[in-house]
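K.L.:
Residue strings, one per chain:
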Amino acid sequence: MSPAELFALPFMQRALIAALFTGIAAPAVGTFLVQRRLALMGDGIGHVAVTGVAIGLMTGASPIWAAVLVAVAGSVLIEIIRERGQTNGDVALALLFYGGLAGGIFITGLAGQSAAKLNTFLFGSLTTLSVDDVIVTMVLAAAVIVLCLGLAPQLFAVAQDQEFAQVAGLRVRYYNVLVAVLAAVSVTVAMRTVGLLLVSALMVVPVATAQQVTRSFRTTIGAAMVLGCVASVGGLVVAAVASTNDINAQTGPTIVLLALAGYVVAWPVGVWLRHRARLRAPFPSGGTTEHETAPEHAHQHGPGCGHLAVPHDDHVDYVHDGHRHAEHAGHYDEH
Amino acid sequence: MSVTTDSATPAVSITNGAVEIGGRPVLRGIDLSVEVGDFLALMGANGSGKSTLVRALVGLRPLSVGEVRMFGTPLDDFAEWPRIGFVPQRATAASGVPASVWEVVAAGRLTRRRLLRPLSRADRAAIEEALEVVGLAHRRRDAVSHLSGGQQQRVLIARALAGQPDLFFLDEPTAGVDLPNQQALAGALAALKARKATVVLVAHELGPLAPLVDRAVVMRDGRLAYDGPPLRDHEAHEPWFGEPHTHHHHHARSVHHDHAPQVTSPLDPPNGSHR
Numbered sequence: 001m002s003p004a005e006l007f008a009l010p011f012m013q014r015a016l017i018a019a020l021f022t023g024i025a026a027p028a029v030g031t032f033l034v035q036r037r038l039a040l041m042g043d044g045i046g047h048v049a050v051t052g053v054a055i056g057l058m059t060g061a062s063p064i065w066a067a068v069l070v071a072v073a074g075s076v077l078i079e080i081i082r083e084r085g086q087t088n089g090d091v092a093l094a095l096l097f098y099g100g101l102a103g104g105i106f107i108t109g110l111a112g113q114s115a116a117k118l119n120t121f122l123f124g125s126l127t128t129l130s131v132d133d134v135i136v137t138m139v140l141a142a143a144v145i146v147l148c149l150g151l152a153p154q155l156f157a158v159a160q161d162q163e164f165a166q167v168a169g170l171r172v173r174y175y176n177v178l179v180a181v182l183a184a185v186s187v188t189v190a191m192r193t194v195g196l197l198l199v200s201a202l203m204v205v206p207v208a209t210a211q212q213v214t215r216s217f218r219t220t221i222g223a224a225m226v227l228g229c230v231a232s233v234g235g236l237v238v239a240a241v242a243s244t245n246d247i248n249a250q251t252g253p254t255i256v257l258l259a260l261a262g263y264v265v266a267w268p269v270g271v272w273l274r275h276r277a278r279l280r281a282p283f284p285s286g287g288t289t290e291h292e293t294a295p296e297h298a299h300q301h302g303p304g305c306g307h308l309a310v311p312h313d314d315h316v317d318y319v320h321d322g323h324r325h326a327e328h329a330g331h332y333d334e335h
Numbered sequence: 001m002s003v004t005t006d007s008a009t010p011a012v013s014i015t016n017g018a019v020e021i022g023g024r025p026v027l028r029g030i031d032l033s034v035e036v037g038d039f040l041a042l043m044g045a046n047g048s049g050k051s052t053l054v055r056a057l058v059g060l061r062p063l064s065v066g067e068v069r070m071f072g073t074p075l076d077d078f079a080e081w082p083r084i085g086f087v088p089q090r091a092t093a094a095s096g097v098p099a100s101v102w103e104v105v106a107a108g109r110l111t112r113r114r115l116l117r118p119l120s121r122a123d124r125a126a127i128e129e130a131l132e133v134v135g136l137a138h139r140r141r142d143a144v145s146h147l148s149g150g151q152q153q154r155v156l157i158a159r160a161l162a163g164q165p166d167l168f169f170l171d172e173p174t175a176g177v178d179l180p181n182q183q184a185l186a187g188a189l190a191a192l193k194a195r196k197a198t199v200v201l202v203a204h205e206l207g208p209l210a211p212l213v214d215r216a217v218v219m220r221d222g223r224l225a226y227d228g229p230p231l232r233d234h235e236a237h238e239p240w241f242g243e244p245h246t247h248h249h250h251h252a253r254s255v256h257h258d259h260a261p262q263v264t265s266p267l268d269p270p271n272g273s274h275r
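Protein chains in written order, with our numbering: chain A, 1 to 335; chain B, 1 to 275.
Extracted from the complex, chain A is given alone in its bound form (with noise of 0.2 angstroms):
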């Protein structure tokens, strides 16, 4: 089968749209929990939905539903733990982590599934998606991207300075649960995608990423958003083209290795343009007093002379040898 066929048929289509959604939905509630530090939080909701989905599938109801329903509690009960017990959240991430996992498995044991079908949540199944899926997923990223584009100033604010947001007069902890909240849907959409165990993967990679290069936040966000968006549908264009040639590359470890790749591209770039803001950052004012006359050397320095050149006050000083040599009447001087 050619890849122009395959992408004619409609699960591709299905699928090719879900992890369009998916990708730009999960970079945007990402931003913000980076901005916390908080990258894990994705990964701590994704274990506690998979006791969502065990419940699901032993119930016979919706498993997206229910991971919905308990990634929710779940994130609300991190965000509890969070604001009260400061220190120690790494902790309780961690117990509820564990919690989710064993919960779930242990669920769907009981429930006599296959852990085949548990799978297919845990590391994606995008192939496999129903219309109503396609729908649920649809509207659930589209709700999260407005939610979080919407509100940005606040979320912002927010996350930035949660002292200052609250003098400020905004109502900190609702903000911080609709947080939590968003993470949490966006999990359970990313999950037929990515899978629970790689989801938070989809949300941090990209922001990681676009921060290399970025000074903003909104161009951190927006470059995010594109990044997963890529990373997404390029993952699974990828896994489907090989599929073509007998390769059997599945979708979710596609679509984070080419995040992931994404990152090592960017963070080498990054570091260069680290350095050279370092490098180019004004020397403090004042500090010469004195008047101390470099030795005599032929170079001229100006311009494009090849030497960093380092605004300090009104004047320039050339960086070179570990001097740094500033022009005055005719001869150099040490500053």
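I should point out that these hints are in silico values taken from the structure, not numbers from a laboratory.
A quick note: this is a predicted structure, and the numbers were derived from the prediction, not measured.
Cβ coordinates follow ideal geometry from the N, Cα and C atoms, glycine included.
Check before you lean on any hint, since a few could be wrong.
Stretches of chain B that chain A covers, calculated by requiring three or more beta carbons in the stretch to come under 8 angstroms of a beta carbon on chain A [unchecked claim]: (1) 74-84; (2) 96-106; (3) 137-145.
Just some of the chain A residues that point at chain B, by a computed CB distance under 10 angstroms [claimed, not checked]: (4) 31; (5) 168; (6) 219; (7) 220; (8) 221; (9) 278; (10) 285.
Which chain B residues stay away from chain A? Per the calculated CB distances, all over 12 angstroms, these [said to hold, decoys possible]: (11) 10; (12) 18; (13) 20; (14) 38; (15) 67; (16) 195; (17) 210; (18) 228.
Following the hints, put chain B in place on chain A, whose structure we already have.
P.N.:
Just chain B now, kept in the frame of chain A:
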């Protein structure tokens, strides 16, 4: 919504205030009233309770006894938060994701913005003006994490300024800030004072801010030890105020570190947490 404040109503007052943290009394018997237009410096040694007092005044620390009134309204009923500007004690203005100077300052405008509305022209003008007052307009596009500590303090002050409040609380804005940046801070605060804003400034040392201060309050061990005309830095640390002057510019967190992992129950709030 409009509360008429005649000049006799203090901007902020606390009567018989007490704060307990983790069951231990930290502030006792605090009576303080800040008049509209005052520039008050709250001084004292580390651990004397000056930061806790400011946090109690803005409602971040509940009082165990007593009452705080903002512009005459009890704090629980107070709704005019746009009138309050708060500069929390922070070593950095950065967080887990890059944010530009302009974005952090724009967050200060949230007090006056409605939900789901874009920035109005007045919002943008206020943000620009706040950046100008602290002298960082040329750095607006830079990431705050690329700024020096002193410049980040100026960003935090600009964020409070952007909301155009009448009453400012600043918690140690000069701690760990080099002299040129302290002078820039003093310039920004002088502009506030010229606009007749009320300022409550927590400071271990005043440095270049000293000429602005109209009234000094010195705290010692959770009580008010002095309330009167401004003091010079070293007078506030005279032995009769308690601890001798120790140059702790960095806020030594009294957290005990050893090599044993500290795992307590996750639901226990850490006792005596001072944050």
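K.L.:
Given a cut of 10 angstroms on the nearest C-beta pair, is the interface hint for residue 278 (chain A) held or broken against chain B?
P.N.:
holds (8 angstroms)
K.L.:
Would you settle whether the hint for residue 285 (chain A) is holds or violated, based on the nearest Cβ-Cβ distance to chain B being less than 10 angstroms?
P.N.:
At 6 angstroms from the nearest chain B Cβ, residue 285 (chain A) passes the 10 angstroms test, so the hint holds.
K.L.:
Going by Cβ atoms only, is residue 31 (chain A) closer than 10 angstroms to chain B?
P.N.:
At about 6 angstroms, which falls below the 10 angstroms cut-off, the nearest Cβ of chain B leaves the hint on residue 31 (chain A) intact, so it holds.
K.L.:
Verify that the Cβ of residue 195 (chain B) lies farther than 12 angstroms from every Cβ atom of chain A, and report whether the claim holds or is violated.
P.N.:
holds (20 angstroms)
K.L.:
Does residue 38 (chain B) really sit off the interface, with its C-beta more than 12 angstroms from all C-beta atoms of chain A?
P.N.:
holds (19 angstroms)
K.L.:
If I take the minimum Cβ distance from residue 228 (chain B) to any residue of chain A, is it greater than 12 angstroms?
P.N.:
At about 28 angstroms from chain A, residue 228 (chain B) clears the 12 angstroms cut-off, so the statement holds.
K.L.:
Minimum Cβ separation between residue 210 (chain B) and chain A greater than 12 angstroms?
P.N.:
holds (20 angstroms)
K.L.:
Taking the minimum C-beta separation from residue 10 (chain B) to chain A, is that value above 12 angstroms?
P.N.:
It holds; residue 10 (chain B) is separated from chain A by about 19 angstroms at its closest Cβ, greater than 12 angstroms.
K.L.:
Are three or more residues of the segment 137-145 of chain B within 8 angstroms, CB to CB, of chain A?
P.N.:
Answer holds; 3 residues pass the 8 angstroms Cβ test.
K.L.:
Would you check whether residue 220 (chain A) satisfies its interface hint, that is, whether its CB is within less than 10 angstroms of any CB in chain B?
P.N.:
holds (5 angstroms)
K.L.:
Okay, the segment 96-106 of chain B and chain A, do three or more residues pass the C-beta test at under 8 angstroms?
P.N.:
As far as the segment 96-106 of chain B goes, the hint holds, because 9 residues have Cβ atoms under 8 angstroms from chain A.
K.L.:
Say whether it holds or is violated: residue 18 (chain B) keeps its Cβ farther than 12 angstroms from all Cβ of chain A.
P.N.:
holds (21 angstroms)
The structure is consistent with each of the numbered hints, conforming to all of them.
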